[in-house]
Structure formats: structure tokens, C-alpha cells
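Single-letter residue listing:
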Amino acid sequence: MLRNTLALICLASCLNLAWAAGLESFDFSGNVEEQRYKDLLAEVRCLVCQNQSLIDSDADLAHDLRLEVYELMDQGRDDTEIRDFLVARYGDFVLYEPPIKPSTYLLWAGPFVLLALGIMMLIRTIRQRRQLQESQFSAEEQERLRQLLGNNPHEQEDRQ
Amino acid sequence: MMPSFVRYLTPLVLFLALAALLYKGLALNPREVPSPLIGKPAPEFSLPELKDTSRQLSHSDFLGKVSLLNVWATWCVSCRAEHPLLMQLARQGVTIYGLDYKDNREDAKRWLQRFGDPYVANAFDADGRVGIDWGVYGTPETFVIDQRGIIRHKHIGPLTQEAIQGEILPLIKKLKEDKG
Chain A
0 MLRNTLALIC LASCLNLAWA AGLESFDFSG NVEEQRYKDL LAEVRCLVCQ NQSLIDSDAD
60 LAHDLRLEVY ELMDQGRDDT EIRDFLVARY GDFVLYEPPI KPSTYLLWAG PFVLLALGIM
120 MLIRTIRQRR QLQESQFSAE EQERLRQLLG NNPHEQEDRQ
Chain B
0 MMPSFVRYLT PLVLFLALAA LLYKGLALNP REVPSPLIGK PAPEFSLPEL KDTSRQLSHS
60 DFLGKVSLLN VWATWCVSCR AEHPLLMQLA RQGVTIYGLD YKDNREDAKR WLQRFGDPYV
120 ANAFDADGRV GIDWGVYGTP ETFVIDQRGI IRHKHIGPLT QEAIQGEILP LIKKLKEDKG
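One line per chain: the protein sequences are A and B, in this order.
The opening position of the first sequence corresponds to residue 0 in numbering that gives the first Met the number 0, with each subsequent residue numbered one higher.
The opening position of the second sequence corresponds to residue 0 in numbering that gives the first Met the number 0, with each subsequent residue numbered one higher.
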């Protein structure tokens, strides 16, 4: 128990250190609002370690870009301008949420198109099945079927 | 009702289409992010030259000829692997500029002395600011720039013999012919 607690404390402090390492040197008392700064960095992909955002990444480039974003904010640029600045250099891929434009229509609409197709197919299958149940056998055939299924000597034997 | 062969073939065709798409995806390298700078003028910059600090290098140096801009650094291991290919290109008469990215000036000079200098000039980008403007995210990177100073191609990662023969040299040839 004690050992677990110690391990947890150790892990927590390591995580804390890692967090602090990225943003240690910035001063948020001036123009740059800390929350806005962190929110924006979290939206931006670090191109070196692509599954980390600029705020998480410890790559050299991420350090440089954090500084760049800080300075742009300090100069009073708004979020859109800063996003445009990054996209102009690194492309749409730098944003975790790609903009909606002709080349990304498929990306954005794709899941909904697939969902609609799936629902359409489901409805059609259900309808077909219902028709099948109603029309497959005539009344006499159904009667005979019941007889066959109900009076199967083998089945009765099996049950005994 | 659909003819039965259509019903049986549809899933097969869908599967083959998906398999072909995913198979193609396997061959793509997620590290190669297409640069938005292709087809645009080289980003403006002005940096001191590596060896001759009294000289400034800028985007206007690219005008009037087809050239390469190679982003490199002495701390970059794959730049070392790429270096002989740059020497080979320089011997073939290709104009290569260098962007020495976040490097130590003395180390860089020593590197060129030791391994040879394929560059006509090197811009020394100590803090990597110009690198950011060029969308550099991993060294080495190589840009092909035309006579009007427009970026026409970007190769990410170390150049290879295949990339040089298959893409870089044919593109340089084509760009040179376009002028005439």
C-alpha cells in the first residue's frame, strides 16, 4: 500500500516536471493570457511527433513554435491570425481539426454519408425480410410446413 | 430485385476497392507532409553567410537560376548520410544553397572542411526562425527553386539516389528548359 502510494507520488511529480518543462519560461502577466495560449497550442499538431500537440511535445521544433506563438500573441495577433501563420508554413496538417474546404469535404462528410448508407441498407433489408415472410409460402404450404415440423417422429424420439 | 450476381459481387467489389485504397495508404509516409509553399515564392529572409559573416544571404539570391536549398545541420545524423549525394550533385553542376539550421558556426565550418563543401553559399540560421518560415520540421530537407524564386518541389528527409534520378534532376532539367 505504502509502496503504491509512493509510486503514485513519484509518477505524479514526474508528470508535473514534464509539464513544467514546456512552459517554464513564459510570463503570463502581460499581453498573453495563459488559458488562451494553452488552448491554442493544444489545437496544433507538432510535426515532429505527430500524435502530440504543441503543448505536449518536447521536440525542439515544438519549443521554437511555442516561443513563436507566444510572441505572436504578445504582438496582439488573434487566434485566427496565428493559425493562418502556422498553416501558411506547415499546411493544414498542423491543425488537428482541418478546415472545411473542397479537398476536405469527403473527410468531414464521409462518416455521415456512410451512416446514411448504412441506415438505408438496414431499412431495405428489414423491408425485404418482411416481404419474404409474408409471401414465401402460400396458406396451404404453411399448413403443410406446420404439420411437418410439428409431427416429426424423429424429433419426438430425440426428446424422450 | 437485383440480379443475383450483382448482389454477390457488390461486397467483393467494395472489399477490393477498400483493400486497394488501404494498400496504397501503406506505402505513404506519414512523415512526409506536403508543403503549402510549393508554387509560392521563397519566403523572405536575410541571414549572414556561414563562412563569410560580412555577407548577407537572402531570398533574392535564388533569382535567375534553378537552384536547390538544402536544410542541414552538423547535429543531424541523416545529413551526414546525405552529404556524399550533395557532393555528387554539385560535381554535376547543380547550384546548391545551404540553410545551416540551428547549428554551431565552428562545427559547421569544420564539417565542410572535413567532408567537402557542395554549397555555393550557406545561410546561417542560428535560432531556426528562418527555418520556421520555410516550414522546416525535420532536417535534412531540400527545396527546388526556379529562376523566378518560386519553390517547385520539397524533398523531406535525406536525398536518395532514386529521388535524385527520378525527381530532382528531371525537374531541374525541365525548369531550365522552361526558361528558354
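Hints listed in this document are in silico derivations from the structure and should not be mistaken for laboratory results.
Among the hints, a few may not be true.
Claimed, not checked - In silico DSS-like cross-links for lysine-lysine, where the CA-CA straight-line distance does not exceed 30 Å:
1. B:Lys-153 with B:Lys-23
2. A:Lys-37 with B:Lys-101
3. B:Lys-23 with B:Lys-173
4. B:Lys-23 with A:Lys-100
5. B:Lys-153 with B:Lys-101
6. B:Lys-175 with B:Lys-39
7. B:Lys-153 with B:Lys-108
8. A:Lys-100 with B:Lys-153
9. A:Lys-100 with B:Lys-39
10. B:Lys-101 with B:Lys-50
11. B:Lys-64 with B:Lys-50
12. B:Lys-173 with B:Lys-108
Stated by the list, open to error - Here are some, though not all, of the chain B residues that point toward chain A, as calculated from beta-carbon distances under 8 Å:
13. Ser-59
14. Gly-63
15. Gly-134
16. Gly-137
Said to hold, decoys possible - Taking CB as the label site, the calculated pair distances span:
17. B:Ser-57 with A:Ala-115: 53 to 61 Å
18. A:Leu-66 with B:Phe-114: 17 to 25 Å
19. A:Leu-116 with B:Phe-114: 57 to 65 Å
20. A:Phe-27 with B:Thr-9: 53 to 61 Å
21. A:Gln-34 with B:Asp-51: 45 to 53 Å
22. A:Asp-26 with B:Pro-42: 56 to 64 Å
23. A:Asp-38 with B:Gly-115: 43 to 51 Å
24. B:Glu-105 with A:Ser-28: 35 to 43 Å
For glycine and all other residues, C-beta sits at the position ideal for the given N, C-alpha and C.
We went through each hint and held it up to the structure:
A hinted pair counts as satisfied when its Cα atoms are at most 30 Å apart, and B:Lys-153 with B:Lys-23 qualifies at roughly 21 Å. Restraint check for A:Lys-37 and B:Lys-101: satisfied, since their Cα atoms lie roughly 26 Å apart, inside the 30 Å limit. Restraint check: the Cα-Cα separation between B:Lys-23 and B:Lys-173 comes to about 28 Å, which is no more than 30 Å; the hinted pair holds. Only pairs whose Cα atoms come within 30 Å are accepted, and B:Lys-23 paired with A:Lys-100 is accepted, the gap being roughly 24 Å.
Under the criterion of a C-alpha separation no larger than 30 Å, the hint pairing B:Lys-153 with B:Lys-101 is consistent with the structure, at around 20 Å. For the hint linking B:Lys-175 to B:Lys-39, the alpha-carbon distance of about 18 Å falls within 30 Å, and the restraint holds. Between B:Lys-153 and B:Lys-108 the CA atoms are separated by roughly 25 Å; this keeps the pair inside 30 Å, and the hint holds. This hinted pair checks out: A:Lys-100 and B:Lys-153 have alpha carbons roughly 24 Å apart, not beyond 30 Å.
Simply put, A:Lys-100 and B:Lys-39 have alpha-carbon atoms about 20 Å apart, close enough for the 30 Å limit, and the pair holds. Taken as a hint, the B:Lys-101 and B:Lys-50 pair is honoured in the structure, with Cα atoms around 15 Å apart against an allowance of 30 Å. Distance check on the hinted pair: B:Lys-64 and B:Lys-50 sit about 22 Å apart at the alpha-carbon level, within 30 Å; holds. Straight-line distance between C-alpha atoms of B:Lys-173 and B:Lys-108 comes to about 33 Å, which puts the hinted pair past the 30 Å bound.
A least Cβ separation of about 20 Å between B:Ser-59 and chain A goes past the 8 Å threshold, and the interface hint is therefore violated. At about 26 Å, the closest approach between the beta carbon of B:Gly-63 and any beta carbon in chain A exceeds 8 Å, and the interface hint on this residue is violated. For B:Gly-134, the suggested interface contact is upheld, since its CB lies about 4 Å from the closest CB of chain A, less than 8 Å. A distance limit of 8 Å between C-beta atoms decides the matter here; for B:Gly-137 the minimum to chain A is near 6 Å, and the interface restraint holds.
The hinted range of 53 to 61 Å is satisfied by B:Ser-57 and A:Ala-115, whose Cβ atoms lie roughly 54 Å apart. Look at A:Leu-66 against B:Phe-114: about 32 Å separates their beta carbons, and that is not inside 17 to 25 Å. For A:Leu-116 and B:Phe-114, the hinted distance range of 57 to 65 Å is satisfied, since their beta carbons lie about 58 Å from each other. Take A:Phe-27 and B:Thr-9: their Cβ atoms lie about 58 Å apart, and the range 53 to 61 Å holds.
Under the hint 45 to 53 Å, the C-beta atoms of A:Gln-34 and B:Asp-51, about 47 Å apart, fit the expected range. Take A:Asp-26 and B:Pro-42: their Cβ atoms lie about 29 Å apart, and the range 56 to 64 Å is violated. Taking the beta carbon of each, A:Asp-38 and B:Gly-115 are about 48 Å apart, inside 43 to 51 Å as hinted. Roughly 38 Å separates the CB atoms of B:Glu-105 and A:Ser-28, a value that falls within the hinted 35 to 43 Å.
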